[in-house]
Each structure stands twice: as structure tokens, then as C-alpha cells.
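Asks: As given, the protein sequences belong to chains A and B, one line each in that order.
Each residue of the first sequence is one higher than the one before, starting from 14 at the first, in this note's numbering.
Each residue of the second sequence is one higher than the one before, starting from 456 at the first, in this note's numbering.
Hints are computed from structural coordinates only; laboratory data are not their basis.
Careful: at least some of the hints might be erroneous.
Footprint (simulated), chain B over chain A, 3 or more residues, beta carbon under 8 Å [what the hints assert, rightly or not]:
id: 1; stretch: 35-49
id: 2; stretch: 52-59
id: 3; stretch: 62-68
Cβ coordinates follow ideal geometry from the N, Cα and C atoms, glycine included.
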Amino acid sequence: MAKRKDLELATIHDELLRAKEEVAKMFEALRAGQISEEEFKRWWRIKVAFKGREALSELLKRREIARGWKAKLPS
Amino acid sequence: MESQVAIINASVFLAAILLDEPKEVSEPALKMLMDIDSGRVEAHVPDRFEDEVLGGLVEAITKGRPVTLTALATFFHLWDKMIIHRREVDWNSQEVFNAALRWRVSYYDAIYLVVAQKVGATYWTADKKLLRFLQRQKFVDLPQMAWIGSYK
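Given the sequences, and given the hints that come with them, work out the whole structure.
Replies: Structure, rendered in C-alpha cells:
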């Protein structure tokens, strides 16, 4: 069980390293003008962005509550 | 070329990486991140920014949202380009506590506002309600603030 977990974590670690390389490469290509802003945005939408289902509005509601404003936490 | 100095909070990063946010917010938020990478924007953040963003990503993963490792890698990439302001080094809890009471905002809001005030930066956020509230109060010692949807 512990071995399997170690293996999973090692895989995530390797994948994260690969992802970091990809991100650095894409930003570098944008800065160098090797890809257009549109190409970069297309990559961003496919590889970076994800559907968060109101994650931002939930965060803002939590902020309102912390200010003592009358916001309700999502259930 | 002179870079502009900005403080961003977690809502700006989230607005850029969430597919379901309206384009009027997500596009300027992404532009801000691109400008941080290129150096057109000198981004300052309090150390709490890391907790906020990574905490948000952990929460999203736990809730079963399809968070990619590329999103996490993007955070680390940009984090390395930001100037981090640390508690009890660059800001202290007493001044933030006082500021939160004076400006009638949360302790969290006050951390960002105090750092922005010290650095002389514009505080960028996706939080329209906070901006409207602070603009109505007309405190003379507040830093410049702006809604991320207006970033160009």
C-alpha cells in the first residue's frame, strides 16, 4: 500500500517537472515572438485552464463573510 | 521600458485559470499574468498569496474539478517572478490589524492594501464589491486600486 502511494507521488513529481518545463517553454516562446498571443491563449485554454464551477465567486463570498458583510456561504 | 508596479490577489490568478469566468475578466487577468512573466509588470504579493492560490487548487481537486498539473506549474512559474512580502519582515500583524479596523475590511484585504501602500503599487483584484465599498469610504490613505477587468 505504502509502496503504491510512493509510486503515485513519484509519478506526480515527474509529471509536475514536465509540466513546469512546458510552461516555461510556452512563456519563453511568447516572449521571443515564436508563437502569437492567440496561440498562447489557445494552449492556455487547453492545457492550463479548467472548469471551476463558481470557484471564484465562492472565494469572493468567503471574503465578504470575513469582512462581516451579509453574504452566505455556498452549501 | 519602465514596468508598472502591481499587487495582485488570488482572485486575479483564479480569474485567469478558470474556464467558466466571463471573458471580460479572464482575458485581462491572463494579460496581467503574461505581463508579469515578460517583466512589463513588476508584481508584488504578500506571502499569503501562495496559501490562497495553492489552497484554492487543493480545494478544487478535492471537489473533483479537472485541475491539471500545468495549472499548478503555472503558479510556480509566476511565483518565481513575483516579489514576495513576508510577515514580520515586510509587513507586520499590528499594522495590518489597525488598517483592517480603520478601513473596515477583512484582515486578509488589509494585508494586500498595506503592502500596496508600502510599495506604492496599484492593487488589482477581481473583487468588484470590495472596490465599490472602498471607493465609497473615500479614505485618503488607501493605495490605488483597480478591477482586473479594466487591465489592458
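Asks: Report holds or violated for chain B covering the stretch 52-59 of chain A, Cβ cut-off 8 Å, minimum 3 residues.
Replies: holds (count 4)
Asks: At least three residues with a C-beta closer than 8 Å to a C-beta of chain B: is that true for the stretch 62-68 of chain A?
Replies: holds (count 7)
Asks: Against chain B, does the stretch 35-49 of chain A show at least 3 residues with beta-carbon separation below 8 Å?
Replies: Held - the stretch 35-49 of chain A has 6 residues with a Cβ nearer than 8 Å to chain B, which meets the minimum of three.
Every hint, counting from the list given before, is met by this structure.
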